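Enquirer: Assembly of the complex is requested from the two constituent chains, each provided in isolation within its own frame, with the hints serving as guidance.
Heads up: the protein sequence lines correspond to chains A and B, in order. Sequential numbering from 25 applies to the first sequence in the numbering used here. Sequential numbering from 280 applies to the second sequence in the numbering used here.
Just so you know, these hints were derived from the structure itself, not from any lab. Some clues are possibly wrong.
[Stated by the list, open to error] In the DSBU-like style, the derived pairs of lysine-lysine whose C-alpha atoms are separated by at most 30 Å in a straight line are:
hint: 1; chain 1: A; residue 1: 121; chain 2: A; residue 2: 107
hint: 2; chain 1: B; residue 1: 392; chain 2: B; residue 2: 292
hint: 3; chain 1: A; residue 1: 95; chain 2: A; residue 2: 30
hint: 4; chain 1: A; residue 1: 60; chain 2: A; residue 2: 112
hint: 5; chain 1: A; residue 1: 28; chain 2: A; residue 2: 57
hint: 6; chain 1: B; residue 1: 292; chain 2: A; residue 2: 28
hint: 7; chain 1: A; residue 1: 57; chain 2: A; residue 2: 107
hint: 8; chain 1: A; residue 1: 60; chain 2: B; residue 2: 292
hint: 9; chain 1: B; residue 1: 346; chain 2: A; residue 2: 112
hint: 10; chain 1: B; residue 1: 392; chain 2: A; residue 2: 112
hint: 11; chain 1: A; residue 1: 30; chain 2: A; residue 2: 55
hint: 12; chain 1: A; residue 1: 60; chain 2: A; residue 2: 121
hint: 13; chain 1: A; residue 1: 112; chain 2: B; residue 2: 292
hint: 14; chain 1: A; residue 1: 28; chain 2: A; residue 2: 107
hint: 15; chain 1: A; residue 1: 57; chain 2: A; residue 2: 112
hint: 16; chain 1: A; residue 1: 107; chain 2: B; residue 2: 292
hint: 17; chain 1: B; residue 1: 346; chain 2: B; residue 2: 392
hint: 18; chain 1: A; residue 1: 95; chain 2: A; residue 2: 112
hint: 19; chain 1: A; residue 1: 57; chain 2: B; residue 2: 292
hint: 20; chain 1: A; residue 1: 60; chain 2: A; residue 2: 95
hint: 21; chain 1: A; residue 1: 55; chain 2: A; residue 2: 121
hint: 22; chain 1: B; residue 1: 292; chain 2: A; residue 2: 55
hint: 23; chain 1: A; residue 1: 30; chain 2: B; residue 2: 392
hint: 24; chain 1: A; residue 1: 95; chain 2: A; residue 2: 121
hint: 25; chain 1: A; residue 1: 95; chain 2: A; residue 2: 55
None of the values given here were measured: they were computed from a predicted structure.
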Amino acid sequence: MDVKEKFNPDTNTWHVSLDGEIDIYNAPDLKDKLHKLIEQQPGNIVLDCQNLTYIDSTGLGVLISALRRVKEYDGQITITNLKPYIRKIFVITGLDKIFALEVQGT
Amino acid sequence: MSNDTITLTVPAKPEYVMVTRLTSAAFASRLGFDVDQIEDIKMSVAEAIILILNQAVRPEELLIKFKHLDQCIHIDITGQGEWIETNISSQDIDHAQLSRYILGSMMDEVEFKTDNGIMREICMHKGCGGSS
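Just chain B, same shape as in the assembly (with noise of 0.2 Å):
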């Protein structure tokens, strides 16, 4: 299954983090990653999305990559299209340290891009389990 990749495009709502982490939990176990890494796994990515969302612009859309590469699940989450502003408030904005500090324990390395102050993508990986 090495180098084997899933592309998942999304509008750039709430009502489908709920697909991305789905998804990611069928990915990370088709991999061989326990129950406790893809609860990690599944939650990383929701927080990432969360990250992206909750920002002063939202994108339109988010393309999300999967893949499997030397024994580890590698996720690109990548906001595109027309980036509009929101309502959100600083309180949720606040929060935001939230989820770095969720994504920094359960992922083995994040990087986040920004540009203008406004996160444009989050990269992660973690080792997987297992070797199916």
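Pulled out of the complex, with its shape left as it was, chain A reads as follows (with noise of 0.2 Å):
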């Protein structure tokens, strides 16, 4: 797993790209990257999973955890380029209606 982020001042947005899979294994690690991140600036995250190939159920515990810290600022977490296979999981998981999803190629 790869993670990039860059700051938007203008939006106070974190634009972060997923890059590869996401597993209990690495999970950890996102999960402080992205708590960091709020700590350092409290904004807004855009995640881009163009390259994000796997996700299991303990990276989407990272995204609901992270999204319970933003929300205490009344911030939003948004996925893009999702892949449909991924997306799929969202939907079976029901996340889909709590995070805003943009699917790859749409």
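Expert: Given below as structure tokens:
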């Protein structure tokens, strides 16, 4: 998994790109990373998942945890460029109703 | 290939879940499942393991049996060896419901075997899309 982030002060938004696989092994690293960004500058988060090839329930748990923190200051998390197969996982778990999702190619 | 079985034993540690995903994908591909079904099977194996690992106690190792029977893939995942205490957060335990949703949706049938509230074994199967 590779995570790259950039902050846009005009929109108060972190743009975070996720690359590779997020699973039970590396999900704690992603959790630390997202929480540090939120502490550094509380803003909205846009997760670009164009190169995300896999996410398991522990990865979803990390996103839920980050959303809880962001909601504390009325921020939001938007997930963009999801591959259809990964969007299916969000739908199965009902998380498509919690996060704003944008599917790849739409 | 009917009745062919693959048995895999891995340490019950997060770093080995990828090994089980790759093995399940390779076996499902050999049985003729299509790409989406292979993804479902791969993910289900990982989620079953997460359910066994993310508890107040976890086993030393995992025994995973893949079997091809009656145009289905049957997968049994069993925790074995000594069960040791974990320091997992209650939040992670709460997320177990996500794993159950995924398993219930992606496999045809899933059976959870618990003992004193501890998930010891998960058995599941999915119908095959091919006959190779």
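Enquirer: Straight-line Cα separation of residue 30 of chain A and residue 55 of chain A no greater than 30 Å?
Expert: Satisfied, since the Cα-Cα distance of roughly 17 Å is no more than 30 Å.
Enquirer: For residue 55 of chain A and residue 121 of chain A, compute the direct alpha-carbon distance and say whether it is at most 30 Å.
Expert: 21 Å, holds
Enquirer: Need the status of pair residue 121 of chain A, residue 107 of chain A: alpha-carbon distance at most 30 Å?
Expert: 17 Å, holds
Enquirer: Within a Cα-Cα threshold of 30 Å, do residue 107 of chain A and residue 292 of chain B meet the stated pairing?
Expert: 28 Å, holds
Enquirer: Is the Cα-Cα distance between residue 346 of chain B and residue 112 of chain A 30 Å or less?
Expert: 27 Å, holds
Enquirer: Is the straight-line distance between the alpha-carbon of residue 392 of chain B and that of residue 112 of chain A 30 Å or less?
Expert: Distance of about 27 Å is within 30 Å: holds.
Enquirer: Can the restraint linking residue 112 of chain A and residue 292 of chain B be considered satisfied, given a maximum Cα separation of 30 Å?
Expert: This hinted pair holds, its Cα atoms lying about 27 Å apart.
Enquirer: With the threshold set at 30 Å, check whether the alpha-carbon distance from residue 95 of chain A to residue 30 of chain A stays at or below it.
Expert: At roughly 20 Å apart (the allowed maximum being 30 Å), residue 30 of chain A and residue 95 of chain A satisfy the hint.
Enquirer: Taken at face value, is the distance from the CA of residue 292 of chain B to the CA of residue 57 of chain A at most 30 Å?
Expert: It holds: about 22 Å lies between the C-alpha atoms, which stays within 30 Å.
Enquirer: When you check the alpha-carbon spacing of residue 292 of chain B and residue 55 of chain A, does it fall within 30 Å?
Expert: Since the Cα atoms of residue 292 of chain B and residue 55 of chain A sit roughly 19 Å apart, the hinted pair holds (cutoff 30 Å).
Enquirer: Given the proposed pairing of residue 30 of chain A with residue 392 of chain B, does the C-alpha separation stay at or below 30 Å?
Expert: Status violated; Cα separation ~46 Å.
Enquirer: Does residue 112 of chain A lie within 30 Å of residue 95 of chain A when you go C-alpha to C-alpha?
Expert: 24 Å, holds
Hint check: a violation occurs at hint 23 only; the rest are consistent with the structure.
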